[in-house]
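Going down the list, the protein sequences come from chains A and B. Here the numbering used here is used: position 56 in the first sequence is 61, and no number is missing along the way. Here the numbering used here is used: position 54 in the second sequence is 55, and no number is missing along the way.
Don't read these hints as lab results, they were simulated from the structure. For every residue, glycine included, the Cβ atom is placed at its ideal position computed from N, Cα and C. Hints are not guaranteed to be accurate.
[As the list claims (entries may be wrong)] Computed, partial: chain B to chain A, Cβ under 7 Å: (1) A42; (2) G43; (3) V46; (4) M49; (5) V51.
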Amino acid sequence: MKRYWLLIGLWIAAPALAADGKDILEQQCASCHALRGPAAQTVAELWQRKGPDLFYAGIKYKRDWLESWLIKPQRLRPAGYLYFQHIKPGDKQDVPDTQTLTPHPALAASDAKAASDALLELKPPALSALVTAGDFKGGDISLSSGEMVFDKFNGCLACHQIEHDFGGLSGPEVYTGAKRMQEDYLVSFIRNPQAWNPKIPMPNKHTAEPNIQKIVQYLVALARGAADEK
Amino acid sequence: MKSNSLLFLLALVSSTVSATSAEDNYKTYCWQCHGMQGNGAGVNVGDMSVQPRDHTSAKAMGGRSDADLFKVIKEGGLAIDKSVLMPPWGATLSDDEIHELVKYLRKLCQCG
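The following block holds chain A by itself, in its conformation from the complex:
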């Protein structure tokens, strides 16, 4: 009951387009995604999640990516979300149980636009405070030096693919990461993943500040390459 009143309230208060977007989120997305904080504070809470949190979407995503992905969603986590609910023992090692992985719901172009508008408004102040505009200083790095920092020095490759079919499977692919996520968010997230999401299976590797910059430079270079290939 309460929720309906809230929805009606929002509908009256907000301009037509934005209200549509919020309706879409509440009706088609809220069953799997948290649209309100806080993030899971315990492992038990995390296990209840059916998709990544979206309540700070406005701080995290790039608009172009968001809108086009919602029209044509493609898998980001090779072993699904949460990885430990979608794996099984294989011949030599555990493998993704692909039968348990379902395609993500897709939206029509106009709905994708409205949903993106509504998502990009989600910027809880406490988390916005973790990101400083211009925290990513820019700059170039070669793919080979970038890979050194990402893999050899920091061990990120263990859980993340840097190209299709190369790298770890439990985390989201990172070769499209800089198309998907804002650079300043990436800096903040890598600096302290637990500040965003205390119980996710990604550790805080205490990456040195200059290496965080190099890693984000690398992700930007990778995304450029991934775009060239398509």
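Let chain A serve as the given structure and place chain B on it in line with the hints.
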């Protein structure tokens, strides 16, 4: 007074209930590399340059003291001159949870 101590009791009970077991922590954080069976054959190992330790092997695990195991889980492989691929979990798990994990590892390897 009475209601205060009741509140205290309630807080105590609920905090024990929400503490995560070593088994659940192992599944959430360690399976990805050390495997569903703890045998070192996790879903990530395909392209890893150093293979995760087989936690079920008494031979591979028996040589380590509990203090070493605690240290490597909390601070990562580099802290005991091992691979950077073994991550530090000190920002994710409490010291108590790590102590419980050490006990859990001892059960897996049936050593020590």
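Going down the list of hints, with the structure as the test:
1. Interface hint at A42(B): satisfied, since its Cβ lies 4 Å from the closest Cβ of chain A, which is below the 7 Å cut-off.
2. Annotation: interface hint on G43(B) holds; nearest CB of chain A at approximately 6 Å, less than 7 Å.
3. Taking 7 Å as the C-beta cut-off, the interface hint given for V46(B) holds, the closest approach to chain A being about 5 Å.
4. Against a cut-off of 7 Å between C-beta atoms, the interface hint on M49(B) holds, since the closest Cβ of chain A lies about 6 Å away.
5. Hint status for V51(B): violated, given a least beta-carbon distance of 9 Å to chain A, over 7 Å.
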